[in-house]
Amino acid sequence: MIYDQWISLEEENDIISKAKQFPHKLIASAWDLSSSSREKIITGFSGTNDTQLLLPVHIRQCDLPELQKTDAIVLNNLLRPENDHYQYLSISTSSDEILKRIVVSKPMIQVILDVGALFVDGTNRQIAVKWLDLSDKIQIDYAVYFESDSIFVCDRQYQHHAFLTSPASERVDRCVFYLDEIHTRGTDFKFPNEFRAAVTLGNGLTKDRLVQACMRMRKLGKHHWLSFWSSNEVHQQIRTMKKNSVSPNDKENINDRITLTDILRWVYENTQQTTWDGLHLWATQSLSFQRKITAFRNIDWKERGTLYTDTILENIARECLEDEVLELKSMYGVSKTFQTIFEIYSARYKHSNIFSSVEIHEAVSKRLCDYGGSKKLLTQLLDEEQQRELEREQELEEERQQKRPSYVRPYEPQLHDEIKALCNMYGPKLDLSKLTSVFCPI
Numbered sequence: 220m221i222y223d224q225w226i227s228l229e230e231e232n233d234i235i236s237k238a239k240q241f242p243h244k245l246i247a248s249a250w251d252l253s254s255s256s257r258e259k260i261i262t263g264f265s266g267t268n269d270t271q272l273l274l275p276v277h278i279r280q281c282d283l284p285e286l287q288k289t290d291a292i293v294l295n296n297l298l299r300p301e302n303d304h305y306q307y308l309s310i311s312t313s314s315d316e317i318l319k320r321i322v323v324s325k326p327m328i329q330v331i332l333d334v335g336a337l338f339v340d341g342t343n344r345q346i347a348v349k350w351l352d353l354s355d356k357i358q359i360d361y362a363v364y365f366e367s368d369s370i371f372v373c374d375r376q377y378q379h380h381a382f383l384t385s386p387a388s389e390r391v392d393r394c395v396f397y398l399d400e401i402h403t404r405g406t407d408f409k410f411p412n413e414f415r416a417a418v419t420l421g422n423g424l425t426k427d428r429l430v431q432a433c434m435r436m437r438k439l440g441k442h443h444w445l446s447f448w449s450s451n452e453v454h455q456q457i458r459t460m461k462k463n464s465v466s467p468n469d470k471e472n473i474n475d476r477i478t479l480t481d482i483l484r485w486v487y488e489n490t491q492q493t494t495w496d497g498l499h500l501w502a503t504q505s506l507s508f509q510r511k512i513t514a515f516r517n518i519d520w521k522e523r524g525t526l527y528t529d530t531i532l533e534n535i536a537r538e539c540l541e542d543e544v545l546e547l548k549s550m551y552g553v554s555k556t557f558q559t560i561f562e563i564y565s566a567r568y569k570h571s572n573i574f575s576s577v578e579i580h581e582a583v584s585k586r587l588c589d590y591g592g593s594k595k596l597l598t599q600l601l602d603e604e605q606q607r608e609l610e611r612e613q614e615l616e617e618e619r620q621q622k623r624p625s626y627v628r629p630y631e632p633q634l635h636d637e638i639k640a641l642c643n644m645y646g647p648k649l650d651l652s653k654l655t656s657v658f659c660p661i
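If you want the working numbering, it's the 1-based position in the sequence shown plus 219.
Worth double-checking, as some hints may not be accurate.
[What the hints assert, rightly or not] In silico SDA-like links for lysine to any residue, alpha-carbon gap of 25 Å or less:
1. Lys585 to Thr493
2. Lys569 to Ala536
3. Lys595 to His570
4. Lys555 to Leu596
5. Lys462 to Gly423
6. Lys239 to Cys539
7. Lys288 to Leu273
[What the hints assert, rightly or not] Pairwise CB distance ranges (calculated):
8. Leu532 to Leu298: 50 to 60 Å
9. Lys441 to Asp290: 11 to 21 Å
10. Leu298 to Arg516: 47 to 57 Å
Because the hints were derived from the structure by calculation, they are not lab data. Yeah, the Cβ is synthetic: ideal placement off N, Cα and C, and Gly gets one too.
Based on the provided sequences and hints, a complete structural model is requested.
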């Protein structure tokens, strides 16, 4: 590790604490929550239907018959013509600029569902206060927002109070609501009829997160409506996907207007990509789980239990632990090749010498073959750094991958003809006052 020798003692201690490593690690994941060998069934609840492929192979999703049509109902409500309002923002648009556009938008918008995390240059309180300042004083008296997972309200006197104990809770029709990305799930407000929400679209937005955010409008499709606001980057992605979805003969006649169908096509593509990325981490976690199964199967169980001696515990720990400290040579000194997710998993499975959980291995292999596709990753056998990057992406929900614009050939610099004439010592004398497009007095 290389760092500046002039850093403060406090910064040095912080760096040391964050750079601390241990020789081994013990991994726990969703695979450890249940097992096919359990006698009693463990039940759980999933709020989404989009992550079935990322459930451990011994966990089975059972859809209630009365809820199987929920996805179709929600999508029908989203596709209502009243929701067909789309706006895109310019590059590097600030929160203030977005709010100014929302305030003048017609029909009036009373709710912001920032599921795309476009309001990044201010706190929830600052955004709410700014929105209140820009709002019509005749119609709006309060701005509601979240702070430390609690609901607060700001009035026209800039007094901040808990929402539930404030007069605003009885005058919801006089409020504007800002819900940040985290709170577009799991929150419930009783919005009045004819309320409209602005839904932000950020890079990598999946169907699950979009639908969860839109359903904060509980009467969606009947008395609540939506408008969609995308970043410039997302707008370009949607446009490109729309052009690629039509046949070459129809590209000349394509309409540039972005519709709800175009938005949903982009969201489904993100969902597919997210699931495909998750399969790699899912397969890696299955190897850790199989390692633990192998360790426990070596124990001689006696009448549904056994006496754990120090030796047994040490052996279990030794077989379950995985290396945490890796040499740079093993991480970066090995050549990498393009492989499918199935090929990566198969190579790591053989390298791990785990052969006591054949059923799980076959189930994982089948799912990777069926859904892993033919896309390939640049990887090596252990693939340790990529595994850690995937784990870090799962933990940091606020992180957004920035897709850089495609390469553009730089324009060749050229001198203006009048500049060349001015530098020509043998040319005629120039009247600079007539060349205002090139020269101007200082």
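Hints versus structure:
1. Lys585 to Thr493: 19 Å, holds
2. Lys569 to Ala536: 21 Å, holds
3. Lys595 to His570: Satisfied, since the Cα-Cα distance of roughly 20 Å is no more than 25 Å.
4. Lys555 to Leu596: Holds, at roughly 10 Å.
5. Lys462 to Gly423: 19 Å, holds
6. Lys239 to Cys539: Holds, at about 21 Å.
7. Lys288 to Leu273: 22 Å, holds
8. Leu532 to Leu298: 50 to 60 Å: Between leucine 532 and leucine 298, where Cβ atoms are some 58 Å apart, the hint holds.
9. Lys441 to Asp290: 11 to 21 Å: 18 Å, holds
10. Leu298 to Arg516: 47 to 57 Å: The hinted range 47 to 57 Å holds for leucine 298 and arginine 516, with Cβ atoms some 52 Å apart.
Against the hints set out earlier in the document, no violation occurs for any number.
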